[in-house]
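Colleague: If you want the building blocks of each chain, they are given just below.
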Amino acid sequence: MWTTAVVSGITLGSFYTLIALGFALIFGVTHTFNLAHGELLVLAGYVAYWLWKTSGVSLLFTFPAAVLVTLAVCLLLQRVFSRLSEPLELNSIVMSFGAAILLQNGMLFCFSGDYRLIRVPTFNQGLHFNTLYLSYGQLTLLALSLLVTALLYLLMRHTYLGKALRATIQDREAAALAGINVGGMGVLAFAIGAMLIGLAGPLYGCVHYLYPTAGLQATLLAITITIFAGVGRVRGLIVGGWILGLAESCAVVLLGASWREVVGAVILLTLLALRPQGILERKQ
Amino acid sequence: MLCSRRFPIIACLLLLVFWGYSPFAVAATIRIGEINPLSGRLAKQGVEIHQGVAVAVAEVNETGGLDGLRVEVISRDDQSQPDVAISRAEELCGWKKVLALTGGYVDSLVGPISEVAKKYQVPYVASASLQKELSQRGNPYFFRVARLQGFVEPLCSILADHVHPQRLALLHAATPGSTEFARDLRSCLQSRGIAVMLMEKFRPGTPDFTPLIGKLANMNIEVIISGGFFADHLLLLRQLKENRVNPKAYIGPFGIAYESFIREMGDDAEYLYSTCAWNPGITNPGTEAASKGFVERFRSMFHREPNTTNMHGYTSTRAVLTAMQNVLHQKKPLTGPNIRQSLAELDLVLPMERVAFDNHGDPRHYRHLVVQIQKGKFEVVYPPERTTASAIYPMPTWGQRK
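Protein chains in written order, with this note's numbering: chain P, 13 to 296; chain A, 4 to 405.
Warning: the hint list may mix true and false statements.
Said to hold, decoys possible - Residues from chain A shown here face chain P by an in silico Cβ test under 7 Å; the list is partial: (1) 123; (2) 207; (3) 210; (4) 217; (5) 223; (6) 224; (7) 237; (8) 267.
Unchecked claim - Derived pair list, reagent style DMTMM-like, types lysine to aspartate or glutamate, alpha-carbon separation capped at 25 Å: (9) A/244 with P/185; (10) P/65 with A/270; (11) A/121 with A/80.
What the hints contain is simulated information worked out from the structure, not anything from laboratory work.
As the structure is a computational prediction, the values presented were derived from the model and not from experiment.
Virtual Cβ for every residue (Gly too), placed ideally from N, Cα, C.
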């Protein structure tokens, strides 16, 4: 039972990380609080579902289409956000809340309120390691989140572009004074964020289920994980996701399923009180 | 000069405004109100109730309305939020002056609407509400076509009389209706000698059931009853399959007996148990023609098969309209107290149930049938007098299926 709980906690945490990566990057670089993040994720899921259902393509081939659609919508949103006046965070909340409602109703119109599920038969098979069982679905989530986080980490740490993005996250004005095109970094952050959302969306339709208002839950998760990690901390996102996932899983085994959210909330509040800078950030 | 030119326009506008309030205009139609979650997290169910309401109104209007008066339904969207439901109810009862209310999905939305209806003395027949407390508040204007015991009694009986599980788990969503359902079912089962080994509450929309499944596997649970909803079943069942956990029976009273559920789950929906009050192939004995008429009308209006939620909307609206018809036949004015009295005396046989209300406004005859999905169809397996197929128990393991 405990091994199942630990495996499930880490898998769930990996899923959370995938959901949060795009939000964290966009927020870090552009300071826009994108409340439509979850809706974009669900939109990507719907694109994948539609392709899978109508043309019978495998899940793998739905990713490019999902990425393209989210890229287009995210770049449009970026254009809107870039015209907002100060205070940027507050105005972006209002603007993105409107965008979220618009997307929700658009999806309700196009796909109806029915719950949709992308069925991947191979996700139901798996590997046995003694008493431990790992389904291919869990392995995919784990591998993909580690791969994407590692790639993002390498980009941020070991490329000129990444360094420019980090500089923008740390201090936009100083970055601009150093010759970095801060506006361009914003476009880039939205583009990379859109790709990450486009990757996570179809998986959301496989391991969860899709309905037009599912995005709210995903947005809240993304905000929570970003707070856990600290702004701009890519490794922190995966550690934060795992901590939350493990805490929730262990709470279900120890205390019961109704305690899952309570434990998550307690950890979040504790972290905010003790380590507001994020779990991996050193105190100034 | 300018004033004289504008006079005809102003006069026309004034005429239009006063036409809306004139007794003549009101007399031409009978206005009822309908509040449903047409957007937000309960949009799917709200739209389904709304469609059922529309069919009932169309049916009555096609047969000449109520004593020659056309029925007009004013629909409002509560956005799945109680505060919005209150403001919509205030608008319909206070401003639009509807004669009765229908629709409504889940207790958290139906409850606030019922309080507003009471304030304005507007009879309200809710389409889908289960929480017992709502009908115990002493609200004489509140009626509903569903009740919790309609689910509990048949499930308790089939488990006690036919299945006799040794290790049973009862999971339920953290909603008032589902929690009450679980409590009532547990006490019924215990009174009939069946122990509930595990009772767990989860939030609707939980993203991962795997730790809970680990617990179920560890306890070697035979029968899982899940009081979750459509989406919760989708996830829980898929994760049961992923983790190779094979209960002998999986029972989901809410959300499984839908064609859309079979469509989304595919073959994995086979052998699941659920309950249903009505389906296109399952109707109250003696109402086959009425049921067929409803199905055909629904198909022509919405181009798809109706389901039990649609029928709940239809039933509540038919109850309201028949009560109004009875008031008109008695040559009484259509007032809230008169319609309320007529509803209290109603005895109407419809495809889903024989509609008659007790002193609390609860339906006297609402009782579900236990169904099992076999070869992609819903087969009635309980009660014995209504069975269409034998129950398959235990259900095959995931590995034994094709």
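Colleague: Against which earlier hints does the structure fall short, listed by number upward?
Modeller: Hint check: 1, 2, 5, 6, 9 fail, others pass.
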